[in-house]
Every structure is written in C-alpha cells, then in structure tokens.
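The primary structure of each chain is shown beneath.
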Amino acid sequence: MLSVDRLTRVFGGVRAVDDVSFSVAAGELVALIGPNGAGKTTCFNLVNGQLVPDTGRVLLDGARIDGLSAHSIARRGVGRTFQVAATFASMTVRENLRVAMLARAGHEGRISTLASAVDDDAVDTLLARVGCLDLADAHCAALAYGNAKRVELALALADRPRLLLMDEPTAGMATRSSARLMQVASDLAKLDAIAVLFTEHDMDVVFGFADRVIVLDHGRIIAQGTPDAVRADPKVREVYLGEGANTSTRKQSGRQ
Amino acid sequence: MEDWAEAGVACVGLGLPNFYGDRMLVCRTAFVLLLALSSSAPVIAQTVKLGELNSYKVFPAFLEPYRKGMELALDEVNAAGGVLGRKLEIVSRDDGGTPGDAVRVAEELVSRERVAMLMGTFPSNVGLAIADFAKQRKIPFLAAEPLTDKIVWESGNKYTYRLRASTFMQTAMLVPEAAKLGKKRWAIVYPNYEYGQSATAAFKKQMNLLQGGGLEFIELAVPLGKIDPGPVVQALQDAKPDAIFSSLFGADLARFVREGQLRGLFKDKPVFNLLGGEPEYLDPLKDEAPVGWYVTGYPWYAIDTPEHRKFRDAYQARFNDYPRLGSVVGYSTVIAAAAAIKKAGSTDPEKIVAALSGLQFATPFGAVTFRAIDHQSTMGAYVGRTALKDGKGIMVDWRYADGADYLPSDADVRKMRPQ
Amino acid sequence: MSLASFLLQLLNGLSSASALFLVSAGLTLIFGVTRIVNFAHGSLYMLGAYCAYGLGEFLAGHLGRGAVSFWAGVALAALAVALIGALIEVLLLKRLYAAPELLQLTATFAVVLIVRDAALAIWGAEDLLGPRAPGFAGTVVLLGHAIPQYDLFLIVVGPLVLVALTWLVTRTRFGVLIRAASENRTLTAALGIDQVKLFTAVFALGALLAGLAGALQLPREPANLGMDLAIIADAFVVTVVGGLGSIPGAFLAALLIGLTKALCIALGNVEISGIEIAFPRLTLVAEFVVMAIVLAVKPHGLLGRPPVPPSSTPLPEQRELVSAPGRREAWVAALLLALLLSVPWWRDDYTVVLATDILIATLFAASLQFLVGTGGMTSFGHAAYFGVGAYAAAIAVKAGAPMSAALVVAPVAALIAAIVFGWFCVRLSGVYLAMLTLAFAQIVWSIAFQWESVTGGSNGLVGIWPTEWLTGRVRYYFFTLALVAVAMGALLRIGRSPFGFALRGVRDSPLRAAALGIDVRRTQWKGFALAGLFAGVAGGLFAFSKGSISPESLAIPRSVDALVMVLLGGLNALFGPLLGAVAFTWLTDTLARATEYWRALLGTMILVLVLVFPMGIGGAFARLVRWRLRT
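Residue numbers (this note's numbering), protein chains in the order written: chain A, 1 to 256; chain B, 1 to 419; chain C, 1 to 631.
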C-alpha cells in the first residue's frame, strides 16, 4: 500500500529525516516510534504532503505522491490525525463530519445546496464506530481532549482512506479510552484492509496493537520488525535508556 | 430548523405570538428602534433656514474663520430685520470631507430641516457632488469655497452658483505679471489633484496665449499633504528654471518654503504661488514667509475701503481676532443667500434660483454680481507680492483684481457649459 | 540629470528614509511583541510633533530660545508620548488581549479619532511651524548644492536608533524578554515572565519612538492635524515590507521606500517609446507598489520570519460556535424585515435616506464579515471592491448604459478585481494578507485618482442617478431593501452551503481541511472572490444612492469603517453586519449633528462598545440567549 523509499529532508543543516525506507501493507498496523525529535512527525508530514522531501520517493499503491499537495494526497486516500487533535472548532461534531463527507464526495465547492443535506446516517455510523454518537450535537471546541481525538479519527475515516496516518493518537487520553480508540483503528485495518501507520509514546499501546514496529533516531531507522524483535534490539534499548538526557536538546532542532 | 431563510419569509404576517415575553428579541431590535427614537418632535419653522455643509474637521484652518464669518453675517442680517419678515437661521453640518457623506448631510438638510437653499462645501469633489445633487433635487446651492472650474462650466447647472474666484480666475490674475517677466523656462509644482492640475493647465494655456510660443514647462506633481520637500526642491533646482509657478498650500507650502529657502532654490528666481498670500497659509510661516513672491491672497491689514473697514472692525470686535480669507467667504456667502431670498420674496427654490441670476450683493471686497451666463460670482482676489514686516509675512504692492475682468467671454462659456 | 544630482537625490532619499524608519521602528516593535496592529501609531507621531512644539515654546518662554529649550522640548515630547502610550496600553488594550485580535485594531482606531480632536482642542486648527533645529539650522555645500544640515543629522540619527535598538534587543535582559515574547508567546508565559508588564513597557517604548519621530519632524514640517493619517499608511508599509517585528527589516524597507520615492521625483516626466510617464505622480502609490512586489516575492517581508506554523489552538473567534440559524433567528429576520419595510412611515424622507445608507453599509459589512469572519482572511482594503463596483456602475452609466445594466456590471467588475487580487492575497496569511489587500486597494485608488479621462480623477463622476421610476427616495429605498435582502439571503445561504462550511473549516483548521482533501488556497480564493462580488453589489447601489462617485469610496477610511462595523456587530454573529452598520452609521450621523467634537465622541462610543461587547454587539446577544437557555 504505502512504500517509502530513501526519504530525506533537511532543516537548516539538521537531517530531520535521513534516508528512510519502509513500507506498510493493507490491513497492517505499523508503529513508528523513537525519542522526541527523532523525525516521526516530519516523516508523517512528508507522506501526507505537508512537506516536500529533499530526496526520495513516496509511493501509494505504486504511484508517486511525493511533491503533491496535502489535499491531493488526501484525495488519493490518505487520512491523517494530528498530535494535537485538529478539528473545526466553530462547528458541532456533526457539522465537522458533514464537511468531511462533503469533501469526500468532492462537493466542498458547492454554494447552491445546503451542507445539512448530507446523509446523516453515514455520519451517525461513523460516530458510533468511534463511540461518539452521543456527542453529535456538541460544540467541538468544548469537547474533552479524548473525545476530540476520537472525533478526529472519525473525520479521518470519513474520507474512507486506504492509508491512515495517526500521530500520537492516544496522547493525553486515559488508558481505557486509548485502548478503545486503538481497538477501533485495529478493527478498521483488519475489516476494511486499511494500512495504518501511527506514532506513539505509550509502549503498552505500541506493543499491544502494532503488527510491526519501526524505530527512528536522529532521522534514521535503527530497527524494524515485529514488536518482540524490536523490543529485544540492543540499539533500541540504548536509545530509549539515553532518551532522558537527550530530549531537551533535540526538542529545538528536529521538529517541524 | 435549517432552512431558516424560507421560514423567515413564511413567518411574515403570521402574527407575532412568540415574541411576547421574549425580552431578548426586544433588546435585539432596540438598536433599530433607536433610529426612530432619534427623531424629536418637529418644530414649526418660524425662521428661514439656510442649510450649510462643510468639511470642518478636514480643513479646520480655513473653515473655523469661515464659520465665524458666517455668524457675523447672520447677526447682521437678523439685526436688520431678517428676511421676508422672519429671522434667518443657519443649520450647519459637517460633511466629513467626502462626497458620499456630504450627499447624505444634504439630504438631511433638504428633507428634514426643509432648508430654503444649500450652501458651503470646501473640496472640489464635494462641491461637484452637491452641485449635481442640487440639480437632481431641484434645490438652490451656493458653492462657497470650491475652486474647481467645472462647477460652473463643464458640470454647471441651473441650481448651482459659486462665490469664490475659481482656479482659472486666480491663475489668470497672476499670468499678466508672469508674462511681463519674459521668462522662457518655467518649473511648475502642484498638489496632485484637481485643483493643482487645473491650475497648472490654466497657467500653461494662458501663458502661451499671452507670451506667445517658445515656452518650456517642467512639471512636478506632489501628493497632497505629503510633499517630500528635499527631493522636490532638488529636482526643481536640477531643472534650472527661469521662474517657478506653484499652487501648493497649507503644510505642503510651509515645508516647500522652508526647504527651498535653505537650499537656495528661490534665489534670483521669480516665484508665483496661487493662494500664497491668504493669511491661512502665509501666517503659519511667521518670519520665514518668503519675500517677493507673486501671490493671490487677502491683505486684511491694508485694505481700507469703507466696506472692508466696517467688516474688519465688526469682526475684530466680535471675535477678538483678525479676519482670514475664510471669514470673508463665510460672511459673503450668507449675505448673498440673504440677498437672494429677499429678491425672490419667497423661499420657493425656483424663485430663489431665478433671483440668484444676476444678483448683486455687497461683500467686504465691494459689490459682486452672480453672472447669469455661468453662475460665477465676480468676486475677485488681491494680487500682490509677499514681504516681511515685524516677523510676519504680508502682502505689498497689492491690487484688487475684479473677478469680472478674468472670466472668459460669453461665447467661450457657451462652448464649455451645457445649456 | 547629472551624476551629482543623482547622488544628492539619493542623499535626500536617505534622510526621508531615516525619518520613516524612526516612526516605523516603534510600530514593528509593538507588533512583534504584542501582535497589536496599532492604528494609533500615527496619532502618537502627531502628538510628538505637537508636544515638541508646545513644550519647546513653553521652555523658550522660561529659558529663552535656543538649543536647550529646543532639544529639551524634543526629549520631553518623546517621554510625554511614551507616557500617553503606556496609558493607552494599560487603560485600554490590556483589557482586550483575550478578545479577537482585530478588536484591538478597532480600539486603536477609536484612539485615532479621539487624539485628533484632542489636538484640535488643545493646539487649534492652524498649522504650527516650529523653529529650525538649533545647531543644524544651516546648510552644507556638497557637490555644488546646499544640503540642509538637518537632513544630514537625520541620516545619522536613523542608524543610531537602529544600533541602539539592536543593542537593546540583543544585549539586555529586556531584549531577551522581547525576543522570547515575539518568538513564542506560550514560552514566555511558561518562563514565568510578567507578560503584562512587558507589554506595557514595549508599548511605551514604541510610543516613545513614535513621539521622537514626530518631534524630530518638527523642523521639517509644521505640526498639523493631517500628520497622523499621512504617516500611518507609510509606517505600516515599511513595517510589513521589512517583515513584521524585524527592526533591521524596517530599516531596510525605509531605505527602499525613501530611495524609490526620491528617484521617482528625480526622474521627472520621462518619455519612454513615445509615452510620457510622469514619475513624480507615482509617489502617490510608490510605497504600495513596492509592498505588493515584495510580498509577492517574499511573503513575510524582507527580513521577516514565517510566523510560527498555524497554531493548533484556535483564536477566540474561531472557537466561537456558529450555530445554525433556527426558528428564533427566522422570527427575528422576519421582524427586522417588517421593521425595515415600515421605515418610510416612521418620520420623514431623511430617515429613509439614512436607512438606505445603513442597508448599503450592511451589505458591504456583510461581505467583509464573510471574508474576515467566515473566511478568516483579514482585509484592510475591502473598499477596493466596493469602489470598483461603484466606479464600474458609474462608468457604465456615463457610457450610456441603463441602470439595470450598470447594476450588473458593478458586481461583475468587483468580482474580476477580487479574482485577480485574491490570487495573490490568499498566498499570504494574517497581517501580511491584510496589508496586501491594503496595497491593492491603494493601487486601485490611485488609478481612480489619476485616470482623469475615465474616472474623472480626484473629482470623480457625477450624475449617476437612478432611472426615472426609482428616482424618489422611498422608491430607491425599497429597491435597495429588496436587493440587499436578496443579497444577504444569498450570503447567509452560502454560509450554510458546503462551500461555506469548507471555508469556515479552512479558517478553523487549515491542517484538518487539507487532510480531508479540501484545497485550502482555492477555497480561500473563491471566498475572496465572492466577498468582492457582494461588495460590488453594495458599491453599485451606493453610486446610485449618492448620484456621484469619487476616489474616497475606495480609500482606506472606507475599508476601516467597514471593519469597525463588522467588529462592532460581531465577527460571527448572524445579525452582526446589520447591528454594526446601524450602530456605526447612526452614531456618526447623530454625533456629527450633536457636537463639534463628534469624532472624539464617536471614538469614545466605539471604545465603550468594544470594551462592553468584546465579541461584538451581535455576539453578546447570541451569548446572552445561550446563557438564558441554559439557566
């Protein structure tokens, strides 16, 4: 499904992503982990078109998508959630999803119809899937953080993506709800054969749900494989043990 | 309830039961209702009202003396028994200096205050807009201050009369002196809008007529109120002119004079400056007022005709200040309006318009007539040269240029003015 | 032109640039730290000149005329203006930091009105020419020309101030705080910096610089009541061209603009392949042309840094729930319509005229609300589309077209202008976008101002009256009401359409919108064009209601008026444009009649409204309704 080939991106001399190659198959949940500033978010931004790689290629089902704009990549079936949940704060949850449904249908430029003419059953189904049906008429800006994350997942899914990118999907959520959210994602991957790539700090989530794990450090892949193999990798252990000392300096440079 | 617009239309005429007890809705509409409340009970007019509008806040230096002049004239008219056996009243409004606001103010004067005629305005665009408004609403308009030639010629109309000597006339008053000098190469500096442009055009045209060919003109337009004097003065020096013609005024003139004197631009060069002798623009220069410039203006301290002495004494007694040109304009406008209404014997707009044609009235500058052919008054201006006296700029060697002598012939007017 | 003249013109340009830098440095400093778009900066500059005059005269009375009284007057004037600045910040702006960003702009606009009337009351209407600067009163002969010493003095002062400010910012603790605050607000808060005091200090410093610039201008220009508006646009341009918040950038930009203008004057009228170009006339817009070019090439100015990537915390106005209009709103709309239909029977024809003005202002404000509120694109130049519509209608009438055709031409012309300018504008964001709209508006204004044969130049065009059967005031009112009601209905419906939601989505979260496959720029572009279209309708109606049209209809004050109406009414409030237009137009009309100092009173009223209703009048009502429903 997704294949990333020798991707590199430099920010003012810092190689935020350095010669990274990996792939994600349909129906597979892959975790991208690494200390803060390792290049995870930059990697995401390169895949979904917010950034253009300096060198390397991004292929979706064999077609190159690097260099395309974020919205055309989204149109090709790449959904995304963000580290800090990005929703439309001036709308209700239902209106958020209507926008997503309209965008998928390619109707977002219409001025002669009403947005409320959208098929609300489909909206309800999506909301039910992420467990937010009761929040349909809530004001998005007033949602609790965990709920906002779930709504955001519903938005990403409304696009019926082939590839779903989730940037720290459970950050700031209670353990139980984060497990539930990951379960939704996992089910999706299996049932709808969606490829899911996610970053995550919570190792319980990573090792509980990921089919495969890729470890980044200083923009390079230092290990990848099954959760068990990665867990046992000495290089990974070293990076994670040393993390506390390095975090503060890395914070400044790597993150976009 | 999504499709509220349709619902809204459907709701009209269904009665308003929902509204009772809903204080919020009452509040929401309160602002609109305030409009209605702003109306006070109409008072039956015992006076003859003149509607006056001007850009008081935009050109205060000229218009504050103007307002005083109006007040003085109003008191004199009323002391002499008013007009048509009633007191004269001036309803004065600030037009904000923009044609759009001015038209609204004029609408208010006409439809709410029911004034007999409109008068005033300062900038040309406002004057022209109100002139056109007067034509549309069929109400007499006495343009006091706008200098644009168009208001009586290209855009002239039946309802509009203009008091002050126009750009063309004032330029024509200076041209004979300029032509006498026999200078060939002229630098012209002017504020970049209609007044400056037409002054420049009129100067060039009349110089060519009077002095014959072989003249060279170097023009420099500067943004109104934003002259950058350094580069301007230098550019004029580089042009190496024999003489300079300027139509700058206000702060632009002050900056130009100071910079030009510092850099020696005016040395050995005759300089002509339209309006430069008006106290409004000359006095702020104090001891830096230029010497020997040819200007049009108003030497209030030296005019000793009986009518002017009377005006000046009354003005100084009342306001403890000397009159500026604006004072004369404001005073004469009211006198002219009162004379027109008296002559018309009624406040009927058509009769007032008819009365204005050929109307003769007294001003501090002497008797003045509104020409029937183009509705321009024959009020003139003082032409002279600047000098310094006791640390103040004054006009010397001045003469009164009667407006009647500087107006185009009837045949020429007919060509320009829509009949 | 000889080489010597050319070099001397560059020297002239340098001294103008220096003066321009002095006033812009304070503006960019204030913006960099507090994010306030300070419209009152020109007023502070004007106060500087007046204070320097007043204090100088006062000191001359006690110490005698001379160097001491003059320079002490300049220094004291700068300090006095700093104090005034601090007062404005503490009493006014401080209360608005949590409000929508633009509201501070409205407040500073009110300050402009108040300061101008205050200056008139204190110093009178006549221009006040100050003395020449003692010690720098004469000239120096350079290359055969006499150059004023004061010009050379200014050329030195500019870089000195630049060095001093750079030292302050890079070498002192205060400077560290300034940089921290301008780079990352949350970080400053996290570092435990007393942001409140910092903002006051920075605002006072900015005001000090403005006051100093004004005081130093006194030997070159009489203190006069037009100084505030004459300088503010230039100062904004310099700030934006240099890059907001960048002091060295402001210096470079001031040089660029000062030299460009001097060159325009130096070139004079030049004939290029048979066409005579009057370069001096271009000084009217030179700075705006420079700005448009710079922003097209460098979207963040010469030395500006791209703003921190779109913050994930939405602004207050983006968090405000825009509720779908329901039955209640429908009733209100119906009631309003009924009220508006009854206007001709209220009092007299003037009420009708005023109501016509209000309706046109409402539609104009609504089109701007659509752009700023729904679209999140701030415009300081929306009058361009209003004016293009008005001019298009007027030119059509002059060309012999009937009124109906003219009213079709108006929105079409405005739409085309908005499509062309919008293409450039949507590439920028925030204040840069706003300033580019201003630049385009000024360019359009100067075309209208100078293209005598088509637009009538500064006089404009007259005789644009409605067709026979609409001539009466009441008839034209009903016609306007019908058109405005239809246009407002259309605008509101577009707001509820898929496109309306997509536009608001782009505003709320461009990241999310793009991730959903929405083309952010295209959506904004279309929104910009639509806003222009509706402004054009209002412009066309305006031309016929006044019978004339002149360049003021697309000048900066009209853009600002509309912005004030939108903010008074509420950025997201359904009836905001109407409430804003009623409040503003009615206040202006009533106050102008009530008192000589109506500007100051209008400013005060606007301040009161802004402080009492930070989310706009309409927003306040909407909140009250929600609060009532909850309790």
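Since the hints were made in silico from the structure, they are not lab data. Take the hints with a grain of salt, since some may be wrong.
What the hints assert, rightly or not - 20 Å max Cα-Cα, derived EDC-like pairs, lysine to aspartate or glutamate:
#1 B:Lys205 / C:Glu183
#2 B:Lys286 / C:Glu57
#3 C:Lys398 / B:Glu154
#4 B:Lys135 / C:Glu57
#5 B:Lys204 / C:Glu596
#6 B:Lys138 / C:Asp349
#7 B:Lys68 / C:Glu596
#8 B:Lys138 / B:Asp348
#9 B:Lys392 / C:Glu57
#10 B:Lys49 / C:Asp349
What the hints assert, rightly or not - Here are some of the chain C residues that sit facing chain A, going by a computed Cβ distance under 7 Å:
#11 Ala67
#12 Ile494
#13 Arg496
As the list claims (entries may be wrong) - Stretch-level coverage of chain B by chain C, calculated; a stretch enters the list once three of its residues show a Cβ under 8 Å from a Cβ in chain C:
#14 72 to 80
#15 164 to 176
#16 206 to 214
#17 302 to 314
Model, not experiment: these values are computed from the prediction. Cβ atoms here follow ideal geometry from the backbone N, Cα and C, with glycine treated the same way.
Evaluated hints:
Among the hinted pairs, B:Lys205 with C:Glu183 is inconsistent with the structure: their alpha-carbon atoms are about 61 Å apart, more than 20 Å. Distance restraint check for B:Lys286 and C:Glu57: the Cα-Cα separation of roughly 14 Å lies within the 20 Å cut-off, and the hinted pair is therefore satisfied. For the suggested pair C:Lys398 and B:Glu154, the alpha carbons sit about 14 Å apart, so the restraint of at most 20 Å is met. Annotation: proposed proximity of B:Lys135 to C:Glu57 is violated, straight-line Cα distance about 50 Å (limit 20 Å).
Taking the CA atoms of B:Lys204 and C:Glu596, the gap is about 42 Å. The hint is violated against a cut of 20 Å. The straight-line distance between the Cα atoms of B:Lys138 and C:Asp349 is roughly 16 Å, inside the 20 Å bound, and the hint therefore holds. Distance hint between B:Lys68 and C:Glu596 is fulfilled; the C-alpha atoms sit about 14 Å from each other, no more than 20 Å. Pair hint B:Lys138 plus B:Asp348 holds up; C-alpha atoms about 11 Å apart against a cutoff of 20 Å.
For the hint linking B:Lys392 to C:Glu57, the alpha-carbon distance of about 18 Å falls within 20 Å, and the restraint holds. Pair hint B:Lys49 plus C:Asp349 holds up; C-alpha atoms about 18 Å apart against a cutoff of 20 Å. Annotation: interface hint on C:Ala67 violated; nearest CB of chain A at approximately 51 Å, more than 7 Å. With 7 Å as the threshold, the beta carbon of C:Ile494 comes within range of chain A, its nearest partner Cβ sitting at about 5 Å, so the hint holds.
Here the hint on C:Arg496 is kept, as its CB sits about 5 Å from the closest CB of chain A, short of 7 Å. For the stretch 72 to 80 of chain B, the stated coverage by chain C is not satisfied: 0 residues place a CB nearer than 8 Å to a CB of that chain, which falls below the threshold of 3. Only residues whose beta carbon comes within less than 8 Å of a beta carbon in chain C count, and the stretch 164 to 176 of chain B has 0; fewer than three means the coverage is violated. Remark: the stretch 206 to 214 of chain B is not confirmed as covered by chain C, as 0 of its residues place a Cβ nearer than 8 Å to a Cβ of that chain, below the required three.
Three residues within the 8 Å Cβ limit are the bar, and the stretch 302 to 314 of chain B against chain C gives 0, so the coverage statement is violated.
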